[in-house]
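The listed protein sequences derive, respectively, from chains A and B. Start counting the first sequence at 1; every next residue gets the next number (my numbering). Start counting the second sequence at 1; every next residue gets the next number (my numbering).
You may find that some hints are simply not true.
Copies of one chain are not kept apart here, so a pair can be met inside one copy or by any two copies together.
[What the hints assert, rightly or not] Using 16 angstroms as the maximum straight-line C-alpha spacing, the simulated EDC-like pairs for lysine to aspartate or glutamate come out as follows: (1) Lys106 to Glu124; (2) Lys61 to Glu79; (3) Lys315 to Asp54; (4) Lys221 to Asp288.
FYI, nobody ran anything at the bench for these hints, they're computed from the structure. Computed from a predicted structure; not experimentally measured.
There are 2 protein chains.
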Amino acid sequence: MNATGDAAIGRIFAQVLRPVAVGGFLALLALPGVAQTSYPAREIPARTLPVPGDVSLQMQKMIAVAPRADWEAFPQTAEEWKTLATTGATGAIQALPALRARLHVKVEATTIDGVRAYIVTPEEIPKENRNRLLVHVHGGCYVLSPGEAGTAEAILMAGFGHFKVISVDYRMPPEAYFPAALDDAMTVWKAALKMADPKKMAIFGTSAGGALTLEMILQAKKAGLPLPAAIAPGTPMSDVTKTGDSFQTNALVDNVLISTAGLCDAAAKFYANGHDLKDPLLSPVYGDFAGFPPAILTTGTRDLLLSNTVRVHRKLRQAGVEASLQVYEGQSHAQYSRDDTAPETQEAFGEIAAFFDRHLGK
Amino acid sequence: MNATGDAAIGRIFAQVLRPVAVGGFLALLALPGVAQTSYPAREIPARTLPVPGDVSLQMQKMIAVAPRADWEAFPQTAEEWKTLATTGATGAIQALPALRARLHVKVEATTIDGVRAYIVTPEEIPKENRNRLLVHVHGGCYVLSPGEAGTAEAILMAGFGHFKVISVDYRMPPEAYFPAALDDAMTVWKAALKMADPKKMAIFGTSAGGALTLEMILQAKKAGLPLPAAIAPGTPMSDVTKTGDSFQTNALVDNVLISTAGLCDAAAKFYANGHDLKDPLLSPVYGDFAGFPPAILTTGTRDLLLSNTVRVHRKLRQAGVEASLQVYEGQSHAQYSRDDTAPETQEAFGEIAAFFDRHLGK
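Extracted from the complex, chain A is given alone in its bound form (with noise of 0.2 angstroms):
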């Protein structure tokens, strides 16, 4: 990169991409990332990027969604925060009656040990998974989806993989900082502990849910409290200092996290409120996995999170657990969790629960 380079950069950028600001641009190019090396960077040149034809047509609509215009604007203080949460909890419950009468799944609201948390309930419970029990830790940067908008996953998974699934709707800042959310998992994990056989149990959830997942492995390790049979951890934020090489290759090609100079990761250090950001509790990539159980992981070849979910695969792997990756053409992050009618998303809830069902007893 030169002086020339970046003048000329702006410019074109300012004619390309018009909704962002050259400003913006500029920040994207001194992108905090990877480790220093001492090797030089490479330009990568602009190019049109199609959406590509051979995923589904629900696919298809998903990747052809420009980012936001503001992509880059993120709230400044808890108030902000909190009203974002909530404007976006609003408009994802709106859309849960119809998925759960699709997926013919009911969802109560309870409290387990005073946190709060969802019992979601598919119609037809099959005879193998009578005894078995999901919990579920919902994404959202550690920050949005509060209380009923957390439960579309869980939905999905109920609905596809016909499990009971209890799922956590952990306090957020403002309301509470690190490690609330992680303490309130494991409080419903100790509870579940009473309600059926880790053996018969299994953890699953999307980005912050996927980092979760993880973190509450490493918790109950710690413990010495029973692990579940499975895992499923799907593009975790597993490594929030900015570090994985798809931080650069897949920036501005995700349509849904964008870039780090984005919202998901100043959500993120929004919840760790100071704390260490390398500390494997909100990077788990960093923590010990041995022992862990079998995992299934989950993403997509435009994911922001490609990077940080195969390195805990390969970390998975290189601890000797038995670890299944599984990515999906041209989706950026989570979007195998988005709409229930895309075959690309019974496809991801299919491999999980066959991966659940390999793994739980009966």
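Given the coordinates of chain A, assemble chain B onto it according to the supplied hints.
For chain B alone, kept in the frame of chain A given last:
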């Protein structure tokens, strides 16, 4: 994309990526790619891509290499292709004695039912591998790595996995065209069936060798021949019709294949010799994977063939086949097989060896 954007992109391209001609970049903009959809393409701005710090020093060195200045140039005549293959092979062969010495592997040239091949034998074969036999089909876009140059990956597998390997030195253009490579590989497979029990055998290869591995199974199924107990198609050229989203997202990010406008696609067309590129014996992703043996697939997050690896993985899973996907951080096409001293190389071949050990009889 609009005319203004084109002109401006051309200017900035000339400034930031000097080695490549502007005409080439405009060709990239019109990159033949995935099937058309009704959705508009998105403009992705230029970016500065650092070398990731979360991989080994050996891998950093490989990732740091700039794409060849002449990456868009490729031979125009049969004679030029032959010269390119011979020149490349001469260089590659010089590195082999040291590689064999480091990995304690012996290589002997032979002929099997008229097909040139190499017997690749590790100094020590552990008891559990004494009745096992692997068949290797080398890469090189169906045109490169003739003769001994094609044995490097077989040496890695024999050295790290302690298996005996037969490496097929199949005919390539201009000596012979499609389906000569596959015919030669099948001749060796039929001969191998007389040397060992197929339940104790596996087939593996990378790139064109990964595609040939898949094509061999399609052919063996058609011919009613016994199948091996496992296969390891590494980043297979599973679709030479330029379909696959990472042909777009990883264009110029992958520093080995670089783009579908580069040499490898031209070489595949040279081999196809006018034959329909969508024939599953050239683009095996379009084949019927029912009844395939367990498969382990390997790729990297920067691989131009990331999509064509994960698409094969998904199609295998959809056909009910046990299929394991390994994706390595930051790696471009086939970089897991380039440096035997890199821990990632040992890890990749260790994964494949462990997979074979799980699936091959003793």
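Tested hints:
1. Taking the shortest alpha-carbon separations for Lys106 and Glu124, only the intra-copy value of 11 angstroms comes in at or below 16 angstroms, while the best inter-copy value is 60 angstroms.
2. Taking the shortest Cα distances, Lys61 and Glu79 never come within 16 angstroms of each other, neither inside one copy (33 angstroms) nor across copies (47 angstroms).
3. Proximity of Lys315 and Asp54 under a CA criterion of 16 angstroms is satisfied inter-copy only: 12 angstroms between copies versus 31 angstroms inside one chain copy.
4. For the homomeric pair Lys221 and Asp288, the shortest alpha-carbon distance inside one copy (10 angstroms) is at most 16 angstroms, but the shortest distance between copies (44 angstroms) is not.
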